[in-house]
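Participant: Using the hints, position chain B against chain A.
Protein chains: 2
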Amino acid sequence: LTELQHISIIGSGKVATHLGHALYTQGLRIGQVLSRDHTHAQTLAKTLEAEAVQHWAELDLGSIDLLLIAVNDQSIPEVAQAIQRVLPEREPLVVHTSGTSPLQWLSDRLPRSGIFYPLQSFSPGRSPDFASIPLCIEAGHPADEALLLHLGQRISQRVQVTSAADRRSLHLAAVFVNNFVNYLYHIGAELLAEKDLPFALLWPLIAETAAKIQQQSPQAMQTGPALRGDAATIAQHLAALEDKPEWQDLYRRFSGLIGSFSQGN
Amino acid sequence: LTELQHISIIGSGKVATHLGHALYTQGLRIGQVLSRDHTHAQTLAKTLEAEAVQHWAELDLGSIDLLLIAVNDQSIPEVAQAIQRVLPEREPLVVHTSGTSPLQWLSDRLPRSGIFYPLQSFSPGRSPDFASIPLCIEAGHPADEALLLHLGQRISQRVQVTSAADRRSLHLAAVFVNNFVNYLYHIGAELLAEKDLPFALLWPLIAETAAKIQQQSPQAMQTGPALRGDAATIAQHLAALEDKPEWQDLYRRFSGLIGSFSQGN
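Chains as they are written, first to last, in our numbering: chain A, 1 to 265; chain B, 266 to 530.
Bear in mind the hints are in silico, worked out from the structure with no lab data behind them.
Built from N, CA and C at the ideal position, the CB exists for glycine as well.
Hints may be right or wrong, so weigh each one.
DEER-style ranges, computed between Cβ atoms [unchecked claim]: (1) A:196 with B:493: 31 to 39 angstroms; (2) B:485 with A:252: 58 to 66 angstroms; (3) A:196 with B:461: 33 to 41 angstroms; (4) A:60 with B:508: 45 to 53 angstroms; (5) B:485 with A:157: 26 to 34 angstroms.
Taking lysine-lysine pairs in the DSBU-like style, the calculated list, with each CA pair at most 30 angstroms apart, reads [as the list claims (entries may be wrong)]: (6) A:244 with B:477; (7) A:46 with B:509; (8) A:46 with B:477; (9) A:195 with B:509; (10) B:311 with A:14; (11) B:460 with A:46.
Looking at chain A on its own, in the form it has when it is part of the complex (with noise of 0.2 angstroms):
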């Protein structure tokens, strides 16, 4: 088994900025950047010591190990026919990095595809922590499987095989607690915004909420007026979210489910 030591990346997006990054800080060589956009190509490709370029023709796949697609889902089979057209003999490892794709959409234009899909939400302005980001692996062959495995426990301490179904679980899973986690976060600062008060008196609950689902179940954790059947408070909140419907509507939603937590759901 040769390493995955020479990598280029297609996108410079948030995931291609971050994975770029941890690849990069252990000691691997990121060769080229390609992206639509070609200065926030350059911008990554700078702070990476890479080439940024701006044309499929111009991608030098005989000397690397490695190709990582960063880009929308829906991109992805695009960017697999465009790279099936500028194959070369000696084929990279392609893999792209999202949770829903699946690998066929590489593998049927691909001799060498894979998935390397950190389960982490990125933002710009901030550094995660990423030996501590669960890394789901999947490849089309063992010994790639093995590389990618290899290469990924050089940057997390939490690589882990993971099938199509798994991996799409975790996606949908980190929907809920990631993206409507977010929304809820947003529904608490503009309640507070209305009676100009910070959203940072929030910050604490928030923080502590987050923290205590690691020593016990969030369903041992549940707390609040639903839990409590306390109908009396129920009211009075639904009846303060009565020009916002769609709250209302999550409101009662929300404690309806949490109610059934006493007859054990």
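Facilitator: Structure of chain B alone, referenced to chain A:
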């Protein structure tokens, strides 16, 4: 102004326990703990060097400065009534610790009343840093308000006089960012449990989601398929939730609300 130095507590649940410990640790003297659950009261009293009492007649209100009521919201009126019956000439300040209950439930019956509401979710076996917890103060008289502010500052760096309307908004927002968020964590845990995947895989994502809203607003930090208008992923997720109609419904509603961010909700 005499300071509030001698305190007794009605209740022996989570709020009574955490507030009691915070006050005791800061050198306040806890006199008595009265609770329906006498075993709980004894356990709490022991750790506070206080006396556990079982009957209202045993309550020595003449020798304390503050009586802290930390019971279920619904029980506050009857507790106020019981206190009224045993109130001595030199009446202590009596406060409740509820986010939703009005001051009136006390002030209707008691000459000196107030509210001492810590904006945090308390769980057994956890000791959140009390200094960072916002404390919302309200009182019937300015002199008592000053006394409560002063006491609050001994245990928290975020004490503020809060109107009844603001306190209710804070409590409502807290239900969204704590109770409902925790239920979304539960959904995430269950979706993984079905595939025998450990919930711990989501911890880094949960921690990062909770941390990054201290840097930029939740609206600025929103990500995910709904925000991107990624209809294919949304359809795949809804299909995966086919046998969980209530979670599917939540998914649909959140996606609609987050989708409207793009149009600038």
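Participant: Run every hint past the structure and note whether it holds.
Facilitator: Okay, the hints, checked on the actual structure:
no., hint, verdict
1, A:196 with B:493: 31 to 39 angstroms, "holds (33 angstroms)"
2, B:485 with A:252: 58 to 66 angstroms, "violated (28 angstroms)"
3, A:196 with B:461: 33 to 41 angstroms, "violated (48 angstroms)"
4, A:60 with B:508: 45 to 53 angstroms, "holds (48 angstroms)"
5, B:485 with A:157: 26 to 34 angstroms, "holds (30 angstroms)"
6, A:244 with B:477, "holds (26 angstroms)"
7, A:46 with B:509, "violated (47 angstroms)"
8, A:46 with B:477, "holds (26 angstroms)"
9, A:195 with B:509, "violated (37 angstroms)"
10, B:311 with A:14, "violated (54 angstroms)"
11, B:460 with A:46, "violated (41 angstroms)"
Violated hints for the displayed structure, listed by number in ascending order: 2, 3, 7, 9, 10 and 11.
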